[in-house]
Amino acid sequence: MALKQRIEQQPAWVLHTLPWRETSLIVEVFSLEHGRAALAAKGARRPMSALRGVLMAFQPLLMDWSGGGEVKTLIRAEWRGGQPLLTGRALMCGYYLNELMLRLTAREDPHPQLFAAYEAAVSALARNEHFELVLRRFEVALLHELGYGLALDAGEDGAVRPDGRYRYIIERGPVAMDADGLEWVDGACGEDDLPLSGQTLLDMAADDFSRAETQIQSKRLLRALINHYLGGQVLQSRRVLKELQEL
Amino acid sequence: MSASPSSLDELIDALRCLPGVGPKSAQRMAYHLLQRDQRGAARLARAMSSALEVLRHCERCNTFTEDTVCQRCANPRRDPSQLCVVEMPADLAMIEQTQSYNGLYYVLMGRLSPLDGVGPRELKLDKLLARAGDGSVREVILATNFTNEGEATAHTLASLLGARGLTVSRLSRGVPVGGELEHTDIGTIAQALVERRSV
Ligand SMILES: [Zn+2]
Chain C
642 MALKQRIEQQ
652 PAWVLHTLPW
662 RETSLIVEVF
672 SLEHGRAALA
682 AKGARRPMSA
692 LRGVLMAFQP
702 LLMDWSGGGE
712 VKTLIRAEWR
722 GGQPLLTGRA
732 LMCGYYLNEL
742 MLRLTAREDP
752 HPQLFAAYEA
762 AVSALARNEH
772 FELVLRRFEV
782 ALLHELGYGL
792 ALDAGEDGAV
802 RPDGRYRYII
812 ERGPVAMDAD
822 GLEWVDGACG
832 EDDLPLSGQT
842 LLDMAADDFS
852 RAETQIQSKR
862 LLRALINHYL
872 GGQVLQSRRV
882 LKELQEL
Chain V
192 MSASPSSLDE
202 LIDALRCLPG
212 VGPKSAQRMA
222 YHLLQRDQRG
232 AARLARAMSS
242 ALEVLRHCER
252 CNTFTEDTVC
262 QRCANPRRDP
272 SQLCVVEMPA
282 DLAMIEQTQS
292 YNGLYYVLMG
302 RLSPLDGVGP
312 RELKLDKLLA
322 RAGDGSVREV
332 ILATNFTNEG
342 EATAHTLASL
352 LGARGLTVSR
362 LSRGVPVGGE
372 LEHTDIGTIA
382 QALVERRSV
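Protein chains in written order, with the working numbering: chain C, 642 to 888; chain V, 192 to 390.
Everything labelled a hint here was simulated from the structure, so no lab data went into it.
Warning: the hint list may mix true and false statements.
[Stated by the list, open to error] Heads up, incomplete: computed chain V residues facing chain C, CB under 8 angstroms, no partners named:
hint, residue
1, Leu206
2, Pro210
3, Asp282
4, Gly301
5, Pro305
6, Leu306
7, Arg312
8, Thr338
9, Glu342
10, Thr347
11, Leu351
12, Ile377
13, Ala381
14, Val385
The structure displayed is predicted, hence computed values, not measured ones.
Each residue gets a CB set at the ideal place from its N, CA and C atoms; glycine is no exception.
Using the sequences and the accompanying hints, generate a full structural model.
The following block contains the structure:
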């Protein structure tokens, strides 16, 4: 068993909560210095619990916990403030962020850069910034941070040229169409081949999603990459959103 | 546990379907019922099987009833132009206690929860859309909880119902009645500031 330690005043976000026993919750959090952790919040479902209104997703919190096992004991949670609740479409995007975090990050694997990217994404959603851009930026940061080695500005044929045409091969990176003996003819290259312009790749590397083509192509690429790393797990938030749009 | 008789095992296992009941508590409950309260156990068994047999969802408001349409929905003194949407029957009971609402209800029996896989299909939102669009409802009052899931549900319903030409309102939130700012939680005050209204 790992050494029992007490963590204090740790900046953290609630990703998800599950009812546990009669009056408690298991809270999955993502924290600045300790990464993702599962905390037992004892009595948090009692009507008068002070934790009840605090343990909400999409709110910046400071948390104290202790314990050395897989599930720690939450001691205190307080609101850091400064951010309104997410509503509407922003809230739906927030669920998507949280599901990615739950499925792609491991427990007790600290990622301070990813913490910063997550925090920036949630507060951008709260300010109702362009949602698609917020998601793309976060997806790129997530894949980078998890060490999936996203190759954007250079492939095996060298630096990406803005006027070049590429195909993105997962776990290999961008491959120039001509280098592959493939000719770029619109329509001849299916979407599964992940066709991209060099400019899109360079925009993504520079964190600039302002061009329409970059938005469309990066969305398709990132979705394919994320599906690949999810290894067949279905994103519930994506399914629910799709069903809602069909109503 | 494999040494115990199979009907005991089955009872313990069955009790585990209750929320928050793990193997330990299920075992405790089973021993209590069988050892200390056999009459209670028999009553529980009868009540359970009769409830399962006679209870169904009201065709209009979706809450539990023994009839096709529950008494509240069938009451001609209630205003059919207002429909209040709540998550659970307990929420309906709270609003009824205020004695300040005379419209009808729709009980979702849950809330949207994308991370738990609860979407429009699981919540049977099409039933609510049909009910709200039956021609008699003019205003839908969304009284889902002020949690993220309640908010997601309210937002979704607002856009679906609004697109169908209905007036949609949402319960407002803020500092509790009789509440002093000094003793109100910060999150509530912050949200009350965001949702402040002109006077
Ligand atoms: Zn009814």
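Mind listing which of the numbered hints don't hold for this structure, in increasing order? 1, 3, 4
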